[in-house]
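Undergrad: Using the sequences provided together with the hints, build the complete structure.
If you read the protein sequences in the order shown, they are chains A and B. In this text, residue positions in the first sequence follow this note's numbering: the first is -6, and each later residue adds one. In this text, residue positions in the second sequence follow this note's numbering: the first is 14, and each later residue adds one.
Keep in mind that the hints were calculated from the coordinates and are not lab data. Since the structure is predicted, the reported quantities are computational estimates derived from the model, not experimental observations. Hints may contain errors.
Derived list of chain B stretches under chain A, where covered just means 3 residues or more per stretch with a C-beta under 8 Å from a C-beta of chain A [stated by the list, open to error]:
1) 176 to 183
2) 306 to 312
3) 344 to 351
Below, in silico cross-link-like pairs of lysine-lysine (DSSO-like), each with a Cα-Cα straight-line distance of 27 Å or less [to be verified]:
4) Lys185(A) x Lys423(B)
5) Lys184(B) x Lys211(A)
6) Lys250(B) x Lys211(A)
7) Lys229(A) x Lys243(B)
8) Lys45(B) x Lys185(A)
9) Lys117(B) x Lys107(A)
10) Lys182(B) x Lys267(A)
11) Lys268(A) x Lys182(B)
12) Lys267(A) x Lys45(B)
13) Lys101(A) x Lys243(B)
14) Lys416(B) x Lys185(A)
15) Lys184(B) x Lys363(B)
16) Lys101(A) x Lys117(B)
17) Lys268(A) x Lys117(B)
18) Lys185(A) x Lys184(B)
19) Lys229(A) x Lys250(B)
20) Lys182(B) x Lys199(A)
21) Lys267(A) x Lys184(B)
22) Lys223(A) x Lys45(B)
23) Lys199(A) x Lys184(B)
24) Lys223(A) x Lys251(B)
25) Lys184(B) x Lys268(A)
26) Lys185(A) x Lys182(B)
27) Lys117(B) x Lys229(A)
28) Lys416(B) x Lys223(A)
29) Lys250(B) x Lys223(A)
30) Lys211(A) x Lys182(B)
Every residue, glycine too, gets a C-beta built ideally from N, C-alpha and C.
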Amino acid sequence: MFKKIALAIAFSPRFASLIAEAKRLSEVFDAELILIHVGEKEDAQVQTLHDALDKLQVLDKVKIYWEQGKPANKIMQVCEEQGVDLLVAGALKQEGLLQYYIGSIARKIIRRSKCSVLMLIEPLENPTPFDKVVINGTQQEQTPRVIAQGLDWCKKDQARQVFIVNEIKMYGMQMAAAGEGGESEIANTRRKLVSEEVEYVEQILKGLDKGNLRVNVKITCGKWAVELAKFASDIKADLLIVGDEGKLGFLDRLFPHDLEDILSDLPCNLLIVKK
Amino acid sequence: MEHLSHQDVVNLFLMLAAMLLLARIFAEIAQKFKQPAVVGELLAGILLGPTILGTFFPELFQDLFLSNPNANLALDGFVQIAVVLLLFIAGLEVELHLVWSQGKSALSISLLGLIVPFILGFVFPYYFPEFFGLVEGDRLLFSLFMGTAMSITALPVVVRILMDLDLFKTKMGMLIVASAMVNDIIGWLIFSVILSFMGKAGNLSLMQTIGITLLFTFFMLTIGKFIINKALPWINKKLAWPGGVLSLSMAFCFMAAAFTEWLGIHAIFGAFLLGVALGDSEHMSERAKEIVHQFINNIFAPLFFVSIGLKINFFTNFDLLLTLAILVISFAGKIVGSGFGAYKGGFNVKESLAVGFGMNARGAMEIILGLIALENGLIGEKLFVALVIMAIVTSMSSGPLMKWSLKAAKEEREAAS
Chain A
-6 MFKKIALAIA FSPRFASLIA EAKRLSEVFD AELILIHVGE KEDAQVQTLH DALDKLQVLD
54 KVKIYWEQGK PANKIMQVCE EQGVDLLVAG ALKQEGLLQY YIGSIARKII RRSKCSVLML
114 IEPLENPTPF DKVVINGTQQ EQTPRVIAQG LDWCKKDQAR QVFIVNEIKM YGMQMAAAGE
174 GGESEIANTR RKLVSEEVEY VEQILKGLDK GNLRVNVKIT CGKWAVELAK FASDIKADLL
234 IVGDEGKLGF LDRLFPHDLE DILSDLPCNL LIVKK
Chain B
14 MEHLSHQDVV NLFLMLAAML LLARIFAEIA QKFKQPAVVG ELLAGILLGP TILGTFFPEL
74 FQDLFLSNPN ANLALDGFVQ IAVVLLLFIA GLEVELHLVW SQGKSALSIS LLGLIVPFIL
134 GFVFPYYFPE FFGLVEGDRL LFSLFMGTAM SITALPVVVR ILMDLDLFKT KMGMLIVASA
194 MVNDIIGWLI FSVILSFMGK AGNLSLMQTI GITLLFTFFM LTIGKFIINK ALPWINKKLA
254 WPGGVLSLSM AFCFMAAAFT EWLGIHAIFG AFLLGVALGD SEHMSERAKE IVHQFINNIF
314 APLFFVSIGL KINFFTNFDL LLTLAILVIS FAGKIVGSGF GAYKGGFNVK ESLAVGFGMN
374 ARGAMEIILG LIALENGLIG EKLFVALVIM AIVTSMSSGP LMKWSLKAAK EEREAAS
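TA: In structure tokens form, the structure reads like this:
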């Protein structure tokens, strides 16, 4: 699934945990691991990094790229040159208003990266598999691919519970329109709206190998990104998997795309699957 | 402070009861014939008003609706609230997210679906003002209004049709819905500017009015929306549900309405924009929206639509030629405009025609627009009656016409393959 995994590192307090998480993933996917740091290459930092890698017994197995320049641009440049499949980075759960509009490095990476991106909000020094995974099942062009890749991830990582969440669009308005009819029309419409969404996900699942996974289909009503984030947060999910929405710019932050809603307040670790 | 007398109160409640009762009965009958409730509610008004009751039972009509000016004034207050609330839910239905995600094709359908009918609606009344009923007044304003009236699309009717045809979630369905939303926003924006020139409270110049309207729109869609989005989680969490969100959203709706009325750009615009900002908030739950819809659609909407019939004699003010002209302009404008927009967006001719038919539904929005123009002396009663008939005809014909052209498109595709 992923042959080359890159980890973007800054020497923050969480950097050892991030390396541990990336190492775990490279083992799960049997992938090559590279590290990218953008900034001055100082002896003290080289030593700290080597110590951390040594402790995890991966010092000889990883390639390290020390780069100069704008962090987000450089990270993406290395990823492209090295043919990275998955970029891992740490991210803050919540961002202030200013950061949201101007954009942090993590957000920039998510918006512009060409490979899949995993944002970890709470990396652990002794990482564990992602047990509870939520996959976006909303009716979008990329959804069959997102579900397929999401299930692959879950199988490899041996997730215990997998939820595919789809939602009914403009439920309030549709129900109000149905409300012109009698009680039976309202009930029928409600049932139809739910069953259509369940069927959409089940059709996709039909053609996929689920292995031993326990897959649950959940239907919510409202805006997909918001509902997805709410659901992931309610069940205390470990990972949320979504597809990307193409290149997003400043205007998308002013008049947000759905994905931007998730980015402004990450409910849990987030994997964005790109083509 | 003046009070309603004992007789005023009795009269007011009798009026309200008669209106709601008859509206319900006729709405149910309309639905039996697969027609929107609003058609029945308008018929109830025509029956209760000068057209039928006033003609055949003038004394009863006089006693019930004309004998008591104080009760009428109170009823007028109810109807005002109804219009503001109807615009509030019209705003609530607009999902900026959806508009944004549909991107360019939605924009081209909605802009062409707005510009072409607007031009058609503007040109004819401008060059033939007498035919369209302009006796005195500003020809430019009158023509601008007609342009707007021709370009608006009624979202709830469109949603209903799309659901009935099982098209709501298709690419075409979402495009039509998003386009109707854009039409709504721009249409009401233009109308607000026109209204502010009807000069009741407004002492502002054209540029000032446009500037303030745009500024208010921008404010509501950015900072206003942000504030609402921050306040709603607190309201949902700390206050009773759904009581808290319902009463506070109504309160803010009235506040916004009062503010825009004070600015001189009509109360409805404030209510509409507050609806847009609130509806787009991620914390305004779909359940809460459904409750607001039901509450307004079943209590205030019937009062408003029945009151239309009470104001006007639909028989004496019916002008066949004028009605036909309005119908032709409205059909031509939407079908050519939105249809061409859809064609440009990659649909074939028959499918584009279906989009045009879908966007042609005018419904309640047209009637609200017409009534406000009538009350402000911008249009005459004959034109208003023609507009109401156009709203009904377009709403009733949209579904069948769309079905027909989609069937033709399907047959064409099957023949080709």
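Undergrad: Taking the hints in turn, state whether each one holds.
TA: We went through each hint and held it up to the structure:
1. Counting residues of the segment 176 to 183 of chain B whose CB lies closer than 8 Å to any CB of chain A gives 3, which reaches the minimum of 3, so the coverage claim holds.
2. Residues of the segment 306 to 312 of chain B lying with their CB closer than 8 Å to a CB of chain A number 4, which satisfies the three-residue condition for coverage.
3. Coverage of the segment 344 to 351 of chain B by chain A is violated in this model, with 0 residues showing a Cβ closer than 8 Å to a Cβ of that chain against a need of three.
4. The hinted pair formed by Lys185(A) and Lys423(B) meets the criterion: a straight-line CA distance of about 24 Å does not exceed 27 Å.
5. Note on Lys184(B) and Lys211(A): the hinted pairing holds, with a Cα-Cα distance of about 23 Å set against a maximum of 27 Å.
6. With a C-alpha separation of about 24 Å, the suggested pairing of Lys250(B) with Lys211(A) holds against the 27 Å cut-off.
7. Distance check on the hinted pair: Lys229(A) and Lys243(B) sit about 23 Å apart at the alpha-carbon level, within 27 Å; holds.
8. Proposed proximity of Lys45(B) and Lys185(A) is supported: the alpha carbons are some 21 Å apart, at most 27 Å.
9. Of the supplied pair hints, the one linking Lys117(B) and Lys107(A) holds, its CA atoms being roughly 23 Å apart against a limit of 27 Å.
10. Between the alpha carbons of Lys182(B) and Lys267(A) the distance comes to roughly 24 Å, so the proposed pair stays at or under 27 Å and holds.
11. Distance restraint check for Lys268(A) and Lys182(B): the Cα-Cα separation of roughly 25 Å lies within the 27 Å cut-off, and the hinted pair is therefore satisfied.
12. The suggested pairing of Lys267(A) with Lys45(B) is violated, with an alpha-carbon distance near 50 Å, which exceeds 27 Å.
13. Taking the CA atoms of Lys101(A) and Lys243(B), the gap is near 24 Å; set against the 27 Å cutoff, the hint holds.
14. The suggested pairing of Lys416(B) with Lys185(A) holds, with an alpha-carbon distance near 21 Å, which does not exceed 27 Å.
15. For a cut-off of 27 Å, the pair hint linking Lys184(B) to Lys363(B) stands: about 15 Å separates their Cα positions.
16. Taken as a hint, the Lys101(A) and Lys117(B) pair is honoured in the structure, with Cα atoms around 24 Å apart against an allowance of 27 Å.
17. The suggested pairing of Lys268(A) with Lys117(B) holds, with an alpha-carbon distance near 23 Å, which does not exceed 27 Å.
18. Taking the CA atoms of Lys185(A) and Lys184(B), the gap is near 19 Å; set against the 27 Å cutoff, the hint holds.
19. Between Lys229(A) and Lys250(B), the direct Cα distance comes to roughly 19 Å. Compliance with the 27 Å bound is thereby established for this hinted pair.
20. As the CA atoms of Lys182(B) and Lys199(A) are separated by approximately 22 Å, the hinted pair is consistent with the 27 Å bound.
21. At most 27 Å may separate the alpha-carbon atoms for a hinted pair to count; Lys267(A) and Lys184(B) meet this at roughly 23 Å.
22. Taking the CA atoms of Lys223(A) and Lys45(B), the gap is about 41 Å. The hint is violated against a cut of 27 Å.
23. For the suggested pair Lys199(A) and Lys184(B), the alpha carbons sit about 24 Å apart, so the restraint of at most 27 Å is met.
24. A C-alpha spacing of about 18 Å is found between Lys223(A) and Lys251(B), which places the hinted pair at or below 27 Å, so the restraint holds.
25. Of the pairs offered as hints, the one joining Lys184(B) and Lys268(A) holds, with about 22 Å between alpha carbons and a cut-off of 27 Å not exceeded.
26. As the CA atoms of Lys185(A) and Lys182(B) are separated by approximately 13 Å, the hinted pair is consistent with the 27 Å bound.
27. Our distance criterion of 27 Å between C-alpha atoms is broken by Lys117(B) and Lys229(A), whose separation comes to about 37 Å.
28. For the given pair, Lys416(B) sits about 38 Å from Lys223(A) by alpha-carbon distance, which is inconsistent with the 27 Å threshold.
29. At roughly 14 Å between alpha-carbon atoms, Lys250(B) and Lys223(A) fall within 27 Å of each other, so this suggested pair holds.
30. As the CA atoms of Lys211(A) and Lys182(B) are separated by approximately 19 Å, the hinted pair is consistent with the 27 Å bound.
Comparing the model with each earlier hint shows violations of hints 3, 12, 22, 27, 28; every other hint is respected.
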